[in-house]
Amino acid sequence: MNVEVVFFYVVAVVAIASALLMITRRNPMQSVLFLIVNFFCLAVLYLFLHAQFIAIVQILVYAGAIMVLFLFVIMLLNLGDEQMPPEKVSFRKIISYCLAGVVLLQILVGIDLPMGMTWGGVSPRSAEIGTVEFLGKSLYTDYLFPFEITSILLLAAIVGVMVLAKKKFN
Amino acid sequence: MEISSIPLHYYLGLSAVLFVIGVAGVLTRRNAIVVFMCIELMLNSVNLTLVAFSSYLGTTTGQILVFFVMAVAAAEAAVGLAIIIALFRNKQTVDINEINIMKW
Amino acid sequence: MYNYVGYIVLAPFVGFLLNGLFGKKINSEKLSGIIGAGAVGLSFAGAVSIFFEMLNSPVEGRSHIVTIFNWITAGSLSINAAYQVDQLSILMTLVVTGVGFLIHVYSIGYMHGDHGFWRFFAYLNLFIFMMLNLVLANNFLLMFLGWEGVGLCSFLLIGFWHDRKFDTGGYKPGSAMTTDAAKKAFIVNRIGDFGFLIAMFMIFQFFGSLSFDDVFSRAAAVGTVGDKTFFWITLLLFLGATGKSAQIPLFIWLPDAMAGPTPVSALIHAATMVTAGVYMVARCSILFVLAPATMNIIAIVGVATAVFAATMGLVQNDIKKVLAYSTVSQLGYMFLGLGVGSFASGIFHVMTHAFFKALLFLGAGAVIHAMHDEQDIQNMGGLKSKMPTTYKTFFIAALAIAGIPPLSGFFSKDEILFQAFSHGSVVFWVLGWLTAGLTAFYMFRLVSLTFEGTERWGHDKHPHEAPKAMTIPLIILAVLSVVGGLVGIPLSLGGNNAIEHWLDPIFEHANVRLLLVPQSDTSIEYLLMALSVAIAVAGIWFARKIYLKNPEIAEKVSSSFRGIYKLLWNKYYVDELYDGAIVTPTVKISEKLLWKGIDVGIIDGIVNGSGTLTRWVSSQLRKIQTGFAQNYALAIVVGVIVILGILFGR
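As they're listed, the protein sequences go chains A, B and C.
Going by this note's numbering, the first residue of the first sequence is number 315, and it counts up by one from there.
Going by this note's numbering, the first residue of the second sequence is number 17, and it counts up by one from there.
Going by this note's numbering, the first residue of the third sequence is number 13, and it counts up by one from there.
Same shape as in the complex, but just chain A (with noise of 0.2 Å):
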């Protein structure tokens, strides 16, 4: 057995426990805190395609910055554990459930079909595709516009975000 394999599979099996224990804790902050373990996780991944670009960014805006903001508000509100629902099993759970699998199912089978072809493994260009020169020359040249684009997007979330969350001065 390759180690890389094995390896990958170890590192699939913590960023899925992960997630479904994020969405089953009642305390948000654990949830907090299982996301990031998620969060490497799947930086991890990244190296092993050879995206140390996303990898890094990975860790940096989401891990490092997204979710300490989601850690400052749920701090801010103070909030309690999520209240237990009347009924024990709810409809609407077993109903989303059943859903959600249906989802996989047919996603998986929609991956299975071009199966058929053989892939190979990673590209021999993976390497030199995931450096951050060739990531920033083809950031800077082909795809100029949505970068900048990404700017203005950028300005008005922040503008948004002061207008939403200002405190009313009366």
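Treat the hints loosely; a few may be bogus.
Lysine-lysine pairs mimicking BS3-like chemistry, simulated, CA-CA at most 27 Å apart [unchecked claim]: (1) A:Lys451 to B:Lys107; (2) B:Lys107 to A:Lys482; (3) A:Lys407 to C:Lys578; (4) C:Lys240 to C:Lys36.
Going by beta-carbon spacing under 10 Å, a handful of chain B positions derived as facing chain C [unchecked claim]: (5) Val39; (6) Leu43; (7) Arg105; (8) Lys119.
Label pairs and their computed distance ranges (CB to CB) [as the list claims (entries may be wrong)]: (9) A:Asn341 to B:Thr77: 35 to 41 Å; (10) B:Thr77 to A:Val320: 27 to 33 Å; (11) B:Ser21 to A:Lys480: 50 to 56 Å; (12) C:Ile648 to B:Ser21: 36 to 42 Å; (13) A:Asn341 to C:Tyr644: 32 to 38 Å; (14) A:Gly424 to C:Ile618: 32 to 38 Å.
Don't read these hints as lab results, they were simulated from the structure.
Note that the Cβ used here is the ideal one computed from N, Cα and C, for glycine as well.
Fit chains B and C to the supplied structure of chain A, relying on the hints for placement.
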């Protein structure tokens, strides 16, 4: 580095599972913030798919897209949390079952 | 001259427009009267000139068709507004415009002071216009236009005093207005018109055309007699005639039509409109001759109506009602004549009847006017000294209708009876003969109770003779009633039966088919004549004896035959029968089933229901918007499943 021998569909399968877990979380949880986090999980699973394809096909398109997805996700998370704070100020709760004024 | 026939028809229409549109503004009785009477007078003058031109032309050249314009062209149907000027139509035109003119003049006096004066003359002129269209038309559709038009004018004129109550005499007392009588006339006419309409459809389908020339020439070329098609066509045409000419079963409107002003009764319901049915049957003689069964039916219905109506006239106390039943009875005579194949005698009686019946009605109008709208003859009497001219002319008309020679009524009635005897059956003659006796009786009952005997009216009434405008037409009509029969003196009495010869070319196709047995010898004719005169004289003598000398005999008879008297006085309960059997069920069905059931329930239900359904559906659909975001997310997931299923299912 030697060629990785992990088949592509392993990554795709993992991504699908994470995505579906995110969907289940969105449909099930009542805390608005947790729902947001499940949405982030869904976005990340898609990121994984994109990066996997990018590596296996040898193009940069996937990774560039991931770049933008992350930027958008960050912006959206910020704005969404701001909305939740504003909501909390009015209703003192983040239980989404309490927020149901826009109905028939 | 013939080409001016369009103007003859148009003049009354112009009079209608002038009086109708400007009459109220003019506000002058004199002017409205001049316009109204003048228009008809012009028509009469035109008709007379055409008549003289016809007299001076050879027999073959007497029939002309004058086309005014092309009215309808649709596929194979082509109808012109065209007038057929021939011996029959000119005769009818003369009667209509002549008697009409006299009645217009009379109305100037009679309607004096009425605030609807201009409206009256407008309607009268419209009526003359429609009637002229009817008698002059050269195709069925134009005749039908006139047919319907005179029905409309009858409606308008019966209900002229639309705010007055009307006594229907025993049947639902106290509740009826004159407008109800007008509606009754129109609706009953409509039933007949339905028959006419279906007959027109059948004629068009069978003959491919509606113009008289085409239809009659094609009919004349038909070999077989007694074809089913002809039977139905003629039967339906006759149904129309029973409606318009008040025969059994559709006579019920005529007595109630007396609600209208008396000139209306004289013109429309005595002299002209009610004869439209007779004219129509005479015009379509060839069609009727090809259906002997229908001819039988016509004769039977005619004689039955004659007897029926005469019996009802015996006990009426309203002066106009007696005359109304008399009209129905005399119309029965005309149809009897037509039914046995003598079309000319029917038309002859139309002419003479127009004279003396119009005279009777106008005289009655003078009496009513003088007695301040009193119409019950039990409250009259002894008027002959107060209204001598009216009395004398009325007496002459009564003699004429009773059939006393040498007045006009004798010749026309006798001709019909003789034809009924020769070509019909003895039964027809006997019934007609009995009716003549009854006619004489009730007419002179009327004369005696109204003009002679003791004065039974209160001293608040001051009867006086009518003004000149009213008495001059009476005198003219009296002269006509006396001499009008001279055109029809039969061969047996030395005349040459001018009117029959005049009308021969019209009926020649029919007469060929009829294969009329040559007339019985003149001795029978003399015998029959003597018998009719005898029974007429007997009727007059009995009436005068009872009502002038011994009125208590009438009381005794009516009380000992209480049942029959009641039956007659209630007009054989025919109105009640129709009401119970036809009218009430129809009204009930219309109300309960058609209105409430179908119209409100189903049709409104569907329309309103679709609105209610939409509202209900949307009230259920909007419950999807629960406000819970997770429900919406659930819906999105379901959508995703569906799409993925479709995508990956291929």
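The hints, checked one at a time:
1. A:Lys451 to B:Lys107: Between Lys451 (chain A) and Lys107 (chain B) the Cα gap is close to 48 Å, so the pair fails against 27 Å, i.e. violated.
2. B:Lys107 to A:Lys482: Holds, at roughly 16 Å.
3. A:Lys407 to C:Lys578: violated (93 Å)
4. C:Lys240 to C:Lys36: It is violated: about 54 Å lies between the C-alpha atoms, which goes past 27 Å.
5. Val39: Check passed: Cβ of Val39 (chain B) comes within 6 Å of chain C, closer than 10 Å.
6. Leu43: OK, holds: Leu43 (chain B) within 10 Å of chain C, min 6 Å.
7. Arg105: violated (19 Å)
8. Lys119: Hint holds; Lys119 (chain B) Cβ to chain C Cβ min 3 Å, cut 10 Å.
9. A:Asn341 to B:Thr77: 35 to 41 Å: Because 40 Å falls inside the window, the suggested range holds.
10. B:Thr77 to A:Val320: 27 to 33 Å: Since the Cβ atoms of Thr77 (chain B) and Val320 (chain A) sit about 31 Å apart, the hinted range of 27 to 33 Å holds.
11. B:Ser21 to A:Lys480: 50 to 56 Å: At 54 Å between Cβs, range holds.
12. C:Ile648 to B:Ser21: 36 to 42 Å: Hint holds: Cβ distance 38 Å, inside 36 to 42 Å.
13. A:Asn341 to C:Tyr644: 32 to 38 Å: violated (27 Å)
14. A:Gly424 to C:Ile618: 32 to 38 Å: Violated, at about 49 Å.
When each numbered hint is compared with the structure, violations occur for hints 1, 3, 4, 7, 13 and 14.
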